[in-house]
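Chain residues, written in single-letter form:
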Amino acid sequence: MKRILVIDDDSAVRSTFALALSSRGYEVETAEDGLSGLAAADRRVPDLVFLDLKMPGIDGVETLKRLGAAHPDVQVYVVTGFYAEFMEPLRRLKSSGIRFDVARKPLELAEIRAIADSVLAGTVRERSVALVGA
Amino acid sequence: MATLTANRVALRLYVTGQTPSAERAKLCLASVCDELSRGGHWKVDLKVIDVLSDPESAVMDEVFATPTVIRVVPAPTRRLFGDLSSPEMVLVGLQIAETPVPA
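From first to last, the protein sequence lines stand for chains A and U.
Those letters in the first sequence? Residues 1 to 134, per the working numbering, in order.
Those letters in the second sequence? Residues 1 to 103, per the working numbering, in order.
Chain A with its partners taken away, still in its complex shape:
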């Protein structure tokens, strides 16, 4: 079973991801901050990580930096608002060789599933059609 790690300080967001992904047959683990997320990844390397950017303690950028150093092959989606101020630190990380994709916050259930399916099952979705009821 493919394993997905969700790192977000908002319990409602963690619950939404868990609901969307577990009903799809994925094993989901959640973490409420960067350090516990990194510990979870070290215990068992996930196939996919959804990572919040703004968290107390070490933020998403620092978490991503450490995650990328420890597990460079793990696919990571940084979930964030698409604003220039949030992109600047991510650009710096990208230029240092850390690999990740981005997703816009907030994500709908179908969008969460579409991302997981694309990474873990190689699917393609036409947004206005296939995502409806997915």
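Note that these hints are calculated values from the structure, not bench results.
None of the values given here were measured: they were computed from a predicted structure.
Treat the hints loosely; a few may be bogus.
To be verified - Straight-line alpha carbon distances no greater than 30 Å define the calculated DSSO-like cross-link-like pairs of lysine-lysine that follow: (1) A:K2 - A:K94; (2) A:K54 - A:K105; (3) U:K47 - U:K26; (4) A:K2 - A:K65; (5) U:K26 - A:K105; (6) A:K105 - U:K47; (7) A:K2 - A:K105; (8) A:K94 - A:K105; (9) A:K65 - A:K54; (10) A:K65 - U:K26; (11) A:K54 - A:K2; (12) A:K65 - A:K105; (13) A:K2 - U:K26; (14) U:K26 - U:K43; (15) A:K94 - U:K47; (16) A:K65 - A:K94; (17) U:K26 - A:K94; (18) A:K54 - A:K94.
Fit chain U to the known structure of chain A by using the hints.
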């Protein structure tokens, strides 16, 4: 009846830097552009946009994650998200071949 004049196709590919998925999508879209241009019915314009450099465009185009390719022209707009590595699947998903060539 179709004319011999090439009609315009405008595509926007949204990526996050140079990830493996972004590189696969770029190669795939280059192949899609070649395929569409062959025969002279379509003149294809592909714009690659890095969300990290231009997040505002991603918001305007309602992109929820990368990689996403958007058919802007011909209307209606179509958005494809996911594993954009198969030119055949992307061509089918974008439905350009099925779009009537304006007379």
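Comparing the hints with the structure gives:
no.: 1; hint: A:K2 - A:K94; in the structure: holds (26 Å)
no.: 2; hint: A:K54 - A:K105; in the structure: holds (11 Å)
no.: 3; hint: U:K47 - U:K26; in the structure: holds (10 Å)
no.: 4; hint: A:K2 - A:K65; in the structure: holds (23 Å)
no.: 5; hint: U:K26 - A:K105; in the structure: holds (25 Å)
no.: 6; hint: A:K105 - U:K47; in the structure: holds (24 Å)
no.: 7; hint: A:K2 - A:K105; in the structure: holds (23 Å)
no.: 8; hint: A:K94 - A:K105; in the structure: holds (20 Å)
no.: 9; hint: A:K65 - A:K54; in the structure: holds (14 Å)
no.: 10; hint: A:K65 - U:K26; in the structure: holds (26 Å)
no.: 11; hint: A:K54 - A:K2; in the structure: holds (26 Å)
no.: 12; hint: A:K65 - A:K105; in the structure: holds (20 Å)
no.: 13; hint: A:K2 - U:K26; in the structure: holds (27 Å)
no.: 14; hint: U:K26 - U:K43; in the structure: holds (18 Å)
no.: 15; hint: A:K94 - U:K47; in the structure: holds (21 Å)
no.: 16; hint: A:K65 - A:K94; in the structure: holds (10 Å)
no.: 17; hint: U:K26 - A:K94; in the structure: holds (18 Å)
no.: 18; hint: A:K54 - A:K94; in the structure: holds (18 Å)
Checked against the numbered hints above, the structure violates none of them.
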